[in-house]
Structure formats: C-alpha cells, structure tokens
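**Student:** Sequence:
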Amino acid sequence: MSQGRGRSLTWRLTLLFAAVSSGVLLLLGLVVGQLVARHFEELDMALLESKLALARHVLADSRNEADLARLPARLDEAMVGHQGLALAVWDGAGQQRYATPGAAFPADLDGDEAAPASGSAPPRRWQADDGRQFRSIAGRAATALPDGMAWRVAVSADLSHHEHFMHDFRAALWRIVGLAALASGLLGWLAARRGLAPLQAIGRDTADITARHLDRRLPVAALPTEVAALAATLNAMLERLEDSFRRLSEFSSDLAHELRTPVSNLLTQTQVTLARPRTAAEYQEVLASNAEEFERLSRSIADMLFLAKADNELIIPRQEPVDLAAEAASLLEFYEALAEEKEIRLAARGAATVWGDRLMLRRALGNLLSNAVRHTPAGGEITLTVALEGEGATGQTPPAAVLRVANTGPAIGAEHLPRLFDRFYRADPARQHLGEGAGLGLAITRSIARAHGGEVAVHCAGGWTTFEIRLPSGEIPPADPARP
Numbered sequence: 001m002s003q004g005r006g007r008s009l010t011w012r013l014t015l016l017f018a019a020v021s022s023g024v025l026l027l028l029g030l031v032v033g034q035l036v037a038r039h040f041e042e043l044d045m046a047l048l049e050s051k052l053a054l055a056r057h058v059l060a061d062s063r064n065e066a067d068l069a070r071l072p073a074r075l076d077e078a079m080v081g082h083q084g085l086a087l088a089v090w091d092g093a094g095q096q097r098y099a100t101p102g103a104a105f106p107a108d109l110d111g112d113e114a115a116p117a118s119g120s121a122p123p124r125r126w127q128a129d130d131g132r133q134f135r136s137i138a139g140r141a142a143t144a145l146p147d148g149m150a151w152r153v154a155v156s157a158d159l160s161h162h163e164h165f166m167h168d169f170r171a172a173l174w175r176i177v178g179l180a181a182l183a184s185g186l187l188g189w190l191a192a193r194r195g196l197a198p199l200q201a202i203g204r205d206t207a208d209i210t211a212r213h214l215d216r217r218l219p220v221a222a223l224p225t226e227v228a229a230l231a232a233t234l235n236a237m238l239e240r241l242e243d244s245f246r247r248l249s250e251f252s253s254d255l256a257h258e259l260r261t262p263v264s265n266l267l268t269q270t271q272v273t274l275a276r277p278r279t280a281a282e283y284q285e286v287l288a289s290n291a292e293e294f295e296r297l298s299r300s301i302a303d304m305l306f307l308a309k310a311d312n313e314l315i316i317p318r319q320e321p322v323d324l325a326a327e328a329a330s331l332l333e334f335y336e337a338l339a340e341e342k343e344i345r346l347a348a349r350g351a352a353t354v355w356g357d358r359l360m361l362r363r364a365l366g367n368l369l370s371n372a373v374r375h376t377p378a379g380g381e382i383t384l385t386v387a388l389e390g391e392g393a394t395g396q397t398p399p400a401a402v403l404r405v406a407n408t409g410p411a412i413g414a415e416h417l418p419r420l421f422d423r424f425y426r427a428d429p430a431r432q433h434l435g436e437g438a439g440l441g442l443a444i445t446r447s448i449a450r451a452h453g454g455e456v457a458v459h460c461a462g463g464w465t466t467f468e469i470r471l472p473s474g475e476i477p478p479a480d481p482a483r484p
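Read in the numbering used here, the sequence shown has 357 at position 357, and its numbers run on one by one without any break.
Worth flagging that the hints you see were computed from the coordinates, not collected in a lab. Careful, some of the hints might be misleading.
As the list claims (entries may be wrong) - If you anchor each label on the Cβ, the simulated ranges turn out as follows: (1) V286 x H213: 46 to 54 angstroms; (2) A281 x K342: 52 to 60 angstroms; (3) R374 x D208: 43 to 51 angstroms; (4) A461 x T268: 40 to 48 angstroms; (5) E341 x A281: 51 to 59 angstroms; (6) S244 x G453: 18 to 26 angstroms; (7) R374 x R240: 33 to 41 angstroms; (8) Y283 x P321: 45 to 53 angstroms; (9) G379 x E282: 35 to 43 angstroms; (10) A461 x A207: 49 to 57 angstroms; (11) E343 x V286: 52 to 60 angstroms; (12) D422 x H213: 19 to 27 angstroms; (13) A207 x Q269: 50 to 58 angstroms; (14) E341 x L255: 29 to 37 angstroms.
Ideal placement from N, C-alpha and C gives every residue a C-beta, glycine not left out.
Using the sequences provided together with the hints, build the complete structure.
**Tutor:** See below:
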C-alpha cells in the first residue's frame, strides 16, 4: 500500500509560524487581561475603602439626634460624582438608617458579625437579581451616641462598566490573534519560500546532472552555511558516482575489447572447420585449440569477477598467520624450471609474517613473479626480498612487511609507471596476444594488497625494475571482528 506524499516543508513552516505567533499573542493577551482585571479590582477596592473610611468619619462625629438628622445629607454629599457606587448604613439595632438610591446588598451582608471593628471584612463579589455584578465590603463604625453601640456600613461598586470593557478587550484580542495568525502565516510562507530557495536551486541543479554530465558540481560557495554542508555531501557523492561510472565504462570497454578477440577466433575457427568434412584427428585438434581459448576466457572472466568484487569492497580476506618467506620459496621452486630454460637466476632473502589470506597473498606474489619471468631477458636475474620496515619510534607500532620482486632488463618508461596496475594496461601493446594473459595480473595484485590494508608500488633504477607490496606486519593481529 503506497503512502501519500507528505506536506511540503514550506507548508509546515507556514503553519509553525502561524501557530507560534498566535500562541504568543494569545498568551500575551491573557496575561494583559489578568493584569487589567487586577488593576480594576485594586481601583475598586481603593474607592470602596475610601468611602467606608469617610462614612466612619461622619458617624464618629454623630453625638445626638440632630447629628443623626444631618447624616443623610452629609453622606449624599460624600457620594456625589461616584456613579455606580452604593452606600448603606445600619444602626446598632440592625435598622437601616441610610441607603443611596437603588442600593442593593445581599441579605446576609448586614448581619456579618465577623467584620472587624476597624478595617473591613474581605470583599465579596455577587450578582444582583437583574444580572449585574457587584463588589462590596462592609465594616463596623463607632459613634459618639450615648448608647455606645457600633453601627454597620456597607459599600458596593457596580462592575458593569468593567465587565463591558473586558468583553470588548477579549473580542478585540481574538480578532487580533486571528489577523496575526493570517499575517504571520503569510509572512511565514514568504520567509519559508525565500529561505528554501537554495534547496530548490539544488533540486534544479541536481536534476540537470545525468550519467553524461557527472562532472557537474553544485555551487557550494553561493549557498547559506546550513545548506552548503548538504551541497558538499552531494558533490562528494557525485564524485564517487563519476568515478564509479568512469571505471564501469572503462571496464565495459576493456571487457568488450578483450572478449571480442577470443570469441572471434573461436567463431572463425569453428566456421572454417565446419566448412568441409574433416577427419577425427582434425576435429580433435580444433577442439583442443578451442579448449585453450575457453580456458583463457574462463581465467579472464574469473579475474574480472574478482576485480569487480574488489571495486565494491566485497573481498574479505581470511585472517591467518602467513609466512612470506615460505610462500616465496615455494613460488620460486615452481618457477625454477621456466627460469632455467631462460637462463634466469632466482634468489630470495629475508623473512616476515603477516596476518591475511594465504591463498590471496600467494596469488599476488605469483603474479609479480610471473610478470618478472616474462619480462626478464635471458641471462638476467630476479630477486625476491622480504623485510620488516618502518617500526614506530616508541617501539609499539608494528613495522610494515615489504615484499620486493626485482628483475633486470629494459627500464619501463616513466609515462607507463603510474598505470601499470590498471586493468588491461600493457606498457608494450605488441605483447597483447603472445600468450601473456589478459593484462589483469597487476590489477589483481593491487586489489589483494588493498584488501589486506596495504599498497603496491613500482620503480625503475640502475637497470632493475622493482615491484613492491607493503602490508601490515603480523606482530599484532587485526581487530576487525567481521573478518574470520
């Protein structure tokens, strides 16, 4: 079941910008709303407490009935200019002695015996029958009357105008948050489009890179720092792809060239043989010749498969101690008869042990010896040297094991030395069809050396051509657990 395409990065960033800005504005609005509501409450309390104190002062001046008769006028005068503010006074017997027009209080407010003699009881918020909200405080007030009884005073403030303001504030807040979400979403979309433009440019440039144009690279210097790393990674990938395609193209071309000749020879020889009846001996001779060609093809195909695995790092050598001196002696004994036929002197010296695949290392050394025997003139000399070189200064770093196969003879041109280990490469093309193989021996030797963590080299000096394999020595076995 296929999954649908995810939202674009631009769309995600747009939603993120809108959500973040809306959330911040909403949180800010709620905080401001709380601060405004608290400010209104503080203003109300300051006003209520001031009127409560004023009423207490008026009652404290009341000493007789004449003063009580003037009490309503004095309290009316104190309430002038305070719309929405209500005041009520009860005497010591609980009888209401004064109330502003339209004043309304909860039924239990005038019976609060817990109110302190000075100060006031905690404020109360309550709702009248008509739905209006009020905030009230109440307290006792002393008089100079002969009975000495304390009176009760209650003050309330109408919160309608505060509630209306907060309602308008919340409505405006939601409108601003909505507009901010749209505006920030639009700005976020523009910013995301502009910010992601380098990625889109990378996409366009990458789309133009095909198998025929793998040499193209992305412009890293012109990109932002965050995207430059991605472009550099893509360029490194393109370099690897270019190298792989180049090697694959060269390999395919060389393969076609190398296989075309033996296949053509086999086809021609077979057609000629079938052109007329022949004796059993003649057919047997042709089949024997074809078998030789098939054997050569088989070796070439096996070598090319080995190199293909080496190119993809699929060769994992076995890990075992290999006595290079013993392997060298065994190979010299194998080539001794051929060397005697060409009057070539063979010599070996030195000793070293490495950890690796014995058969692979024997094959690499055999390729060098075979190459030396073929190219050493009659009466020449071949020496095989095994040595340990390059021990670390501390004595803890193991030295490298070096195998050198040197032979006398004509020097190889300096222009050929860098390419001697390339597959199908021959310094002398005239030797191609003289039974000297497909030109893969040195390439296989280099692949085996690299699979063991080593390297190969060649140099000519003083009438000697020396091929060298440098490998990690066998004093410390490799620590790679993936290798048996």
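**Student:** All hints are to be evaluated individually against the structure, with a verdict given for each.
**Tutor:** Each hint tested on the structure:
1. V286 x H213: 46 to 54 angstroms: Taking Cβ atoms as reference, V286 and H213 lie about 49 angstroms apart, which means the hint holds.
2. A281 x K342: 52 to 60 angstroms: violated, 33 angstroms
3. R374 x D208: 43 to 51 angstroms: holds, 49 angstroms
4. A461 x T268: 40 to 48 angstroms: holds, 45 angstroms
5. E341 x A281: 51 to 59 angstroms: Hint violated: Cβ distance 30 angstroms, outside 51 to 59 angstroms.
6. S244 x G453: 18 to 26 angstroms: holds, 22 angstroms
7. R374 x R240: 33 to 41 angstroms: holds, 36 angstroms
8. Y283 x P321: 45 to 53 angstroms: Holds: the Cβ-Cβ distance is about 51 angstroms, inside 45 to 53 angstroms.
9. G379 x E282: 35 to 43 angstroms: holds, 41 angstroms
10. A461 x A207: 49 to 57 angstroms: holds, 52 angstroms
11. E343 x V286: 52 to 60 angstroms: violated, 36 angstroms
12. D422 x H213: 19 to 27 angstroms: holds, 25 angstroms
13. A207 x Q269: 50 to 58 angstroms: For A207 and Q269 the Cβ distance comes to about 51 angstroms; the hint holds.
14. E341 x L255: 29 to 37 angstroms: holds, 33 angstroms
Hint violations for this structure: numbers 2, 5 and 11, all remaining hints satisfied.
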